[in-house]
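Engineer: Below are the chains, spelled out letter by letter.
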Amino acid sequence: MSAFSAIGEGREVEQEDYTPDLEPQATWCPGCGDFGVLKALKGAAQELGKSPEEMLLTTGIGCSGKLNSYFDSYGFHTIHGRSLPVARAAKLANPGVEVIAAGGDGDGYGIGGNHFMHTARENHDMTYIVFNNEIFGLTKGQTSPTSPKGHKSKTQPHGSAKEPLRPLSLSLTSGASYIARTAAVNPNQAKEIIVEAMEHDGFAHIDFLTQCPTWNKDARQYVPYIDVNESDDYDFDPTDRREAADMMAETEQALHEGKVLTGRFYVDNDRPSYGEEKRAIGEMPEEPLAERYFDDSYEWERSADLFLDKHK
Amino acid sequence: MTDNELIWRIAGGSGDGIASTSQNFAKALMRSGLNVFTHRHYPSRIRGGHTYTEIRASADPVKSRGDGYNFLLALGDSFARNPKEGSVYGNEEIKPLSENLDELREGGVIIYDSGLLDASEIEDFDARVEENNWHVYDLDLRTMAREQGREVMRNTAGVGATCALAGIELEWIEELMTEAMPEKILDPNLEILHNAYEMVNEEYDVDAHDVKIPEGSHDEEQVLLSGSDSIAYGSLDEGCRFIAGYPMTPWTEVFTIMAQNLPEVGGISEQVEDEIAAAALAVGASHAGTKAMSGSSGGGFALMSEPLGLAEMTETPVVLIEAMRAGPSTGLPTKPEQADLEHVLYTSQGDSQRVVLAPGTVEEAYTQTRRAFQIAYEYQIPAIVLYDQKLGGELMNVPASVFDEEPNPSLGSTLTEAELAEAPHDESGKYSRFQHDVEDGVSPRSIPGQKGGRFLATGNEHTPEGHIEESPENRVAQMDRRTQKLEAISADLSSQDESHQTYHGPDEADYGFLTFGSSQGTVEESVDRLNDQGYSVKSLGVSDMAPFPKEEVTEFIESVDEVLVVEMNASAQFRGLTQKELGQYGEKLSSLLKYNGNPFEPADIVEGFVTTIVEDEELTGIETKFVPAAGD
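Residue numbers (our numbering), protein chains in the order written: chain A, 477 to 788; chain U, -16 to 615.
Simulated from the structure, these hints should not be mistaken for lab results.
Any given hint could be a false lead.
Keeping only pairs whose Cα atoms sit at most 27 Å apart, straight-line, the calculated DSSO-like set for lysine-lysine is [unchecked claim]:
#, chain 1, residue 1, chain 2, residue 2
1, A, Lys788, U, Lys195
2, A, Lys542, U, Lys434
3, A, Lys630, A, Lys515
4, A, Lys630, A, Lys693
Working from the sequences, and respecting the hints, build out all of it.
Structural biologist: In structure tokens:
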């Protein structure tokens, strides 16, 4: 019998179940795109019948990190940029837990960029939502890794001399097996994409455009948006790596020319998740490791029996 | 003097098989009934560069590398890259002979490979041999090896010659070689071993010198292992089944042992992108209900500062291992130092709430690592095991019974679902994970996936349910509770009958040595020697750095007239910690420091004590440095 009976329980859940009674009103600014992520996540979790206690939501630091306060589940609000290493270890320790990591563009593409590359490369079975508002919001409007070239802020008074980072292309190069972009202004698509990401067996990365009406007034509201999978103007196969790469490059360029392209850019359902790879080479137990600590009948190995002979 | 111990130094280049040869040799001597202790010296190089390993063997217990040595096997550096005089590293090929002469004792034995080395290249070699009454055997080991197999086997020829000259029976060596070597290379090696042994016995007077292997016997079965082995086995016996790390010398040894053994016990090992991730993974795995660890050396541990603070604030149990090497920055990557003490005690954001244990011996490395896990999981606090390149790499024999212990897989203060059903929750059903008023400040945790246990862990200050909260009342209540855990740990430790510090020497003495971590064994040997010489000295090796055993250390300092604090760093960090914790004794504690890349030898401490404390004279040379007590 599992020590974690919330996992796979399959009970009926309502969206309200994810709303904490103590902090039902989020403190994000009026008009903030982050509300859209929260709503889409609640909708997706409810649609998949995930109970709050079988979910672990890890976040970093920034406005996005407040997601943990407004989404009721097991949560781990970590430090700036470190949500991914915490999340992926939890997944390895107890694979039955539905693990979702979230953070901002500074958190995930800047300070946590190395973790982003490597978590994607390893293809952990988890969902990663990046709140991309092209700005640092919580610290009051500094230029971020995705801010457009020329973007002026208090820390870049003459405008940024840097080209913005290309999150979708970076994700593909690093090894993510599901890559999508959606926008807060498109709640239905956002929910569908989160559902697909959670169902995907591998690292699913969602670049979620979240408008910041307070600190990024120059930026668009990310409307009108175009769904590249549905639009007749775009014809590419998201399961084809080369075509996906071209589409991503075009999408990243278009954003800064005022055109918001969204949708699924890359989907690889054939690649095994990291957990499957580890089990295949005998470096991960078949039974969830965390269960063992609650199993009174488990016979724990002793160093004296297994490893001491070679020292005699 | 006639030595009642053999200290055999095998010297060559990195890549000449020094490590494996010396390990087999040490184990053979252990099996023959002797106590052994090894010391490694190697440069931060892939191939080439002068390296040696010393094996000290005696019928009596050996706690340190000893002073100098009495038997040299100089293989020569077959990978020398800069053999020319005047190049930056000088003539490297000859170094395994030339660099080792200063520490060779009078009457000592030298075997060198005349197939590779030309002693006439060393200035005054013959004069020094005569002056020191050394016995020199120039043997063409290279040719002996070549005749039977391959040139690399000349270390085996050297071992055969050593056995002949030191009176070691070949059977122990043969047994080890048979166990350790694949069949293909075993026969030629055995052949070379025998040929060298017989040739030396036939052609030389093996009794022309006094350096002979002593005879000894053990009361119980022994095992030969290092501090790194002990730390790994202690972790495994505490039920640790998750490790994340990034390679860095000398921490890599523990990481490697764990990575190789974990699959066998259904555990998980992760080599990750950097040390920030490594520590964060350990935190994540522990949060999800496993016993987890990570670790590094100075530079890598600096990156762990961030997740360390996160573990403290979220009260996530985790064990971190810190293997000190000489710093700052890249420092001397393969050399020991004890200069990260303050780093591990105080690094990270805000007030430090952690436990730091510094084992002094191979045996303590096992027991202290186990204690680190027990405290971490019982009190939901990070525990750091602090050791160094010296303890990590030194092999010594300890009774096998030390490891004959039961495993402890307990997650400590963690609730089951049944217990959670009875536990306090807030109105939205969140479990009150961080309750204010709990015994010893420990509020039991739940694990993701458990029904009735959901809560938010956050690095922000938070309410009992984990909600972010900045009110002064809550802040003080939570901070006091976290601090209370340290007080409870301290009270728990001092209430135990058995001390975790190590006392040595007579109960009553005029002088005291205070030390911590891996210098302990060397200090104890110095104490014995000084008492034999008529001085009145005792020592205390402190193992608990945080919480600090104030009563024990106070009592020790009070019991002597003067205290010399011995540590391997330049800034007297342990003396500083002692004064800070005890708030006094600045005028009673002086320091003997060593930070030249080599660990203390007993003679350093004996000489340092006699010169500075007894005779009140200045220390000369670069080996050690004396820092007087305040007011002196």
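Engineer: Take the C-alpha atoms of Lys542 of chain A and Lys434 of chain U, compute the straight-line distance between them, and say whether it is at most 27 Å.
Structural biologist: 24 Å, holds
Engineer: Is the Cα-Cα distance between Lys630 of chain A and Lys515 of chain A 27 Å or less?
Structural biologist: 32 Å, violated
Engineer: Holds or violated: Lys788 of chain A with Lys195 of chain U, Cα cutoff 27 Å?
Structural biologist: 24 Å, holds
Engineer: Given the hint that Lys630 of chain A pairs with Lys693 of chain A, does the C-alpha gap stay at or below 27 Å?
Structural biologist: Distance ~14 Å between Lys630 of chain A and Lys693 of chain A Cα, so the pair holds.
Checked against the numbered hints above, the structure breaks only hint 3 and satisfies the rest.
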